[in-house]
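J.: Construct the complete structure from the given sequences, taking the supplied hints into account.
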Amino acid sequence: MGDGTLLPLVSIVIPTNKEERNIENCLRSIRCQSYKNIEVIVVDNKSEDRTREIALKYTDKVLEKVGGGGPPRRNFGSKTAKGTFLVAIDADMILSPDLIEACVLWMKHNGSLALYIPEIVLGKKYWSRVRRFERGFYDGTVVDAARFYRKDVYDRLGGWDESLVGVDDWDFDKKLRQLGRVDLLDGGALSVGAGPAADWEFAGFIQERGVDPTGRRAVVYHNESEFDMRRYFGKKNYYMNTLDVYFGRWGRGDADVKKQFGFWYRYFLVFVEKRKWRRLSAHPLLALGMFFLRVMVGIVYVMNLRGPQGKGSTV
143 MGDGTLLPLV SIVIPTNKEE RNIENCLRSI RCQSYKNIEV IVVDNKSEDR TREIALKYTD
203 KVLEKVGGGG PPRRNFGSKT AKGTFLVAID ADMILSPDLI EACVLWMKHN GSLALYIPEI
263 VLGKKYWSRV RRFERGFYDG TVVDAARFYR KDVYDRLGGW DESLVGVDDW DFDKKLRQLG
323 RVDLLDGGAL SVGAGPAADW EFAGFIQERG VDPTGRRAVV YHNESEFDMR RYFGKKNYYM
383 NTLDVYFGRW GRGDADVKKQ FGFWYRYFLV FVEKRKWRRL SAHPLLALGM FFLRVMVGIV
443 YVMNLRGPQG KGSTV
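Mapping the sequence shown onto this note's numbering, position 170 (from 1) lands on 312, and the numbers just tick up by one.
It should be emphasised that the hints constitute simulated quantities derived from the structure, not laboratory data.
The structure displayed is predicted, hence computed values, not measured ones.
Please note: incorrect hints may appear among the correct ones.
What the hints assert, rightly or not - Straight-line Cα separation of at most 25 angstroms, DSS-like style, residue types lysine-lysine; simulated pairs:
no., residue 1, residue 2
1, 221, 293
2, 267, 316
3, 378, 267
4, 293, 266
5, 221, 178
6, 160, 188
7, 207, 250
8, 400, 266
9, 199, 224
10, 400, 293
11, 317, 221
12, 266, 316
13, 418, 316
14, 221, 203
15, 401, 418
16, 378, 401
17, 378, 207
18, 377, 224
19, 378, 317
20, 316, 400
21, 400, 418
22, 401, 416
23, 160, 221
24, 377, 188
25, 267, 377
26, 250, 178
27, 377, 401
28, 188, 221
29, 250, 293
30, 317, 400
Unchecked claim - Derived Cβ-Cβ restraints for the label pairs, each shown as a range:
no., residue 1, residue 2, range
31, 298, 421, 35 to 43 angstroms
32, 426, 221, 45 to 53 angstroms
33, 401, 426, 23 to 31 angstroms
34, 376, 405, 19 to 27 angstroms
35, 424, 444, 26 to 34 angstroms
36, 341, 319, 35 to 43 angstroms
37, 250, 298, 34 to 42 angstroms
38, 380, 199, 42 to 50 angstroms
Backbone N, C-alpha and C define an ideal beta-carbon position, used for all residues, glycine too.
T.: Structure below.
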């Protein structure tokens with residue numbers, strides 16, 4: 143799309159906390175983008191490792207925001223951003239080389255307020271493959287959350303709710319959808335080249351982690367190749383802490399909330415709607431592992447509801 147001088151500026155905001163193992167790959171993938179008019183803002187939690195040092199090799203906009211988790215850092219970076227568009231990603235993500243170009247083209251031609259971006263989980267081990275299989279069912283559903291949106295819309299909404307943890311992206315996504323249409327990006331429908339080629343510098347890295355990037359367009363690769371079951375469920379447990387705030391705002395009877403936390407949708411319908419049931423029959427072992435994870439997450443949820451603090455039980 144040219145040299146980027148006449149194209150809208152895109153601001154990518156990345157909150158970090160001890161991310162020296164991931165941040166360089168993330169920033170290198172941004173440098174590889176076909177779209178060049180990009181502002182990169184890293185907001186760090188005063189990491190004691192080399193996160194800041196590495197980030198400064200790729201951008202001079204490395205800010206510091208201590209405490210509070212991801213939403214305060216995302217807001218801090220977004221409020222300083224100068225772009226027409228904002229992108230919300232994490233440090234352990236790698237962007238396919240045509241991604242930003244595809245997003246800008248889509249927004250230009252389709253009038254969307256925001257975009258869901260297809261996400262592919264990396265990793266060769268069984269549980270990473272299960273997570274990749276599971277994540278593919280969620281693209282563009284109420285279990286997903288928009289990552290690319292207009293800066294003026296962000297400003298109008300007042301940013302991310304800093305009192306929420308884990309469901310902050312769902313909360314922001316619901317606010318976006320109240321204002322207008324949020325689409326699932328289909329990079330294959332756009333003229334943005336042939337997708338990642340063999341000479342893309344991350345092609346080998348992606349392939350070593352169980353995914354063939356050849357021909358894929360406009361996706362985010364989420365590097366969960368070191369998937370750890372204990373850490374996974376610990377994170378899920380931590381995310382339960384502010385559910386009462388989320389439920390109080392939207393109500394348990396809200397259609398989206400009922401899907402996000404209800405048995406019928408999260409354990410059945412999301413996996414079979416729009417003919418997705420074919421994936422289940424094609425990969426029975428992955429499906430078995432996926433439903434095991436879903437059941438275990440459900441147990442964590444129920445334990446929090448019944449725990450001594452009664453998290454989420456006030457509404």
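J.: Quickly compare the C-alpha distance for residue 378 and residue 317 to 25 angstroms and report which way the hint goes.
T.: The given pair, whose Cα atoms are some 23 angstroms apart, holds under the 25 angstroms limit.
J.: Between residue 377 and residue 188, does the CA-CA distance stay at or below 25 angstroms?
T.: 21 angstroms, holds
J.: Mind checking the alpha carbons of residue 378 and residue 267 for me, to see if they're no more than 25 angstroms apart?
T.: 21 angstroms, holds
J.: Run the distance test for residue 377 versus residue 224: straight-line Cα separation, threshold 25 angstroms.
T.: Violated, at roughly 32 angstroms.
J.: Within a Cα-Cα threshold of 25 angstroms, do residue 418 and residue 316 meet the stated pairing?
T.: 24 angstroms, holds
J.: Are the Cα atoms of residue 377 and residue 401 separated by 25 angstroms or less?
T.: 21 angstroms, holds
J.: Is the Cα-Cα distance between residue 378 and residue 207 25 angstroms or less?
T.: 24 angstroms, holds
J.: Would you check the hint for residue 267 and residue 316, treating anything up to 25 angstroms between C-alpha atoms as holding?
T.: 34 angstroms, violated
J.: Take a quick look at whether residue 160 and residue 221 sit within 25 angstroms of each other, Cα to Cα.
T.: 23 angstroms, holds
J.: Indicate whether the distance between the beta carbons of residue 424 and residue 444 respects the range 26 to 34 angstroms.
T.: 31 angstroms, holds
J.: Quick check: does the Cβ-Cβ distance between residue 341 and residue 319 fall within 35 to 43 angstroms?
T.: 39 angstroms, holds
J.: Between residue 400 and residue 293, does the CA-CA distance stay at or below 25 angstroms?
T.: 29 angstroms, violated
Comparing the model with each numbered hint stated earlier shows that hints 2, 4, 7, 8, 10, 12, 18, 37 and 38 do not hold.
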